[in-house]
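Chemist: Dock chain B against the given chain A, drawing on the hints supplied.
Protein chains: 2
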Amino acid sequence: MAITIRHLEPEDYDPIIRVVNDWWGGRQMADMLSRLFFVHFRPTSFAADMDRRVVGFLAGFRSQTHREQAYVHFVGVDPAVRACGVGRALYGRFFEAARVLGVSEVHGVTSPLNRASLAFHAAMGFDILPGDAEAEGVRYHPDYDGPGEPRVRLRKRI
Amino acid sequence: MAITIRHLEPEDYDPIIRVVNDWWGGRQMADMLSRLFFVHFRPTSFAADMDRRVVGFLAGFRSQTHREQAYVHFVGVDPAVRACGVGRALYGRFFEAARVLGVSEVHGVTSPLNRASLAFHAAMGFDILPGDAEAEGVRYHPDYDGPGEPRVRLRKRI
Chain A
1 MAITIRHLEP EDYDPIIRVV NDWWGGRQMA DMLSRLFFVH FRPTSFAADM
51 DRRVVGFLAG FRSQTHREQA YVHFVGVDPA VRACGVGRAL YGRFFEAARV
101 LGVSEVHGVT SPLNRASLAF HAAMGFDILP GDAEAEGVRY HPDYDGPGEP
151 RVRLRKRI
Chain B
159 MAITIRHLEP EDYDPIIRVV NDWWGGRQMA DMLSRLFFVH FRPTSFAADM
209 DRRVVGFLAG FRSQTHREQA YVHFVGVDPA VRACGVGRAL YGRFFEAARV
259 LGVSEVHGVT SPLNRASLAF HAAMGFDILP GDAEAEGVRY HPDYDGPGEP
309 RVRLRKRI
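Read top to bottom, the protein sequences are chains A and B.
Read in order, the letters of the first sequence correspond to residues 1 to 158 in our numbering.
Read in order, the letters of the second sequence correspond to residues 159 to 316 in our numbering.
Read the hints as simulated data drawn from the structure, not as lab findings.
Where hints are given, some of them may not hold.
Label-pair distances were calculated between CB atoms; the ranges are [claimed, not checked]:
1. R99/A <-> W182/B: 36 to 44 angstroms
2. E9/A <-> D285/B: 21 to 29 angstroms
3. A281/B <-> E134/A: 44 to 52 angstroms
4. L129/A <-> H165/B: 17 to 25 angstroms
5. E9/A <-> M282/B: 24 to 32 angstroms
6. W24/A <-> Q186/B: 13 to 21 angstroms
7. E134/A <-> H165/B: 26 to 34 angstroms
Fair warning: this is a prediction, and the values are worked out from it, not measured in the lab.
Yeah, the Cβ is synthetic: ideal placement off N, Cα and C, and Gly gets one too.
If we strip away everything but chain A, and leave its shape as in the complex, we get:
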């Protein structure tokens, strides 16, 4: 089945916000996904369609502090099509858009408990940046996104 990658639009927000917690296996993720990411960062945000249905998206932006960096805030893929290359296609398109802007590094964070995400990012060429703590060989920041919200910092040079 062919995957089509296009820019993410504000109209994608309503259908996606209703399913995003399910896509993440029931984890409460919707609070992190404000509509603003679908409105204000179109040049570096993408949706994946398969058979005219949205099956994944990536919300990212160029850093306005560090102009050489782009940041991936959120990626979601319908578990029904996981392993079909949707995440890879979305990241590939993001890297392209970032390069065109003159960006040389892509940053992101993920949960140290999310082994699937860590393995995916390693396969995509991301390195883990130093952290304040370590568990099972993975360096992370214990309260990175607030108390009880540990994150691994990821970086890929593009």
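Modeler: Coordinates of chain B only, in the frame set by chain A:
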């Protein structure tokens, strides 16, 4: 007591994320405030210090879709200093920074139930944009930031 406005720094995140729910009267706001807003949008994000203590902050950015727009994502002020002009000073500095970038409109959203916020934004010169619903004379979007997350859309020309 003098208010000093300066750029928001990543180092401000830890102390602020611990108190932000209290500043909002116990409302669960921390989930909406990822560290990314303290790292990647420094040119348009500000902190207010009073007596060497952070008593408020504003996290905003320039839209990367609509280059003529800037967006205020989050404003927090310590209730102990409310009515001292901290919010006004933060917005004033944000409008200045936005103007320098060539921005002509500032956008934001707030809860239709937050009468204090609506009154504050009206006093700052924000208009309410059309919405899909109306309650007590205020137009709003019922599920703007996801199911059960209604928002009033605000705009000020600068």
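Chemist: Now, for every hint given, state plainly whether the structure supports it.
Modeler: Now for the hints, and whether the structure bears them out:
1. R99/A <-> W182/B: 36 to 44 angstroms: For W182/B against R99/A, whose Cβ atoms are near 40 angstroms apart, the range 36 to 44 angstroms holds.
2. E9/A <-> D285/B: 21 to 29 angstroms: The hint (21 to 29 angstroms, Cβ to Cβ) holds, given that E9/A and D285/B are roughly 25 angstroms apart.
3. A281/B <-> E134/A: 44 to 52 angstroms: holds (50 angstroms)
4. L129/A <-> H165/B: 17 to 25 angstroms: holds (23 angstroms)
5. E9/A <-> M282/B: 24 to 32 angstroms: For M282/B against E9/A, whose Cβ atoms are near 30 angstroms apart, the range 24 to 32 angstroms holds.
6. W24/A <-> Q186/B: 13 to 21 angstroms: Holds - the Cβ-Cβ distance for W24/A and Q186/B, about 19 angstroms, lies within 13 to 21 angstroms.
7. E134/A <-> H165/B: 26 to 34 angstroms: Check passed, 32 angstroms falls within 26 to 34 angstroms.
Hint compliance for this structure: every hint is met.
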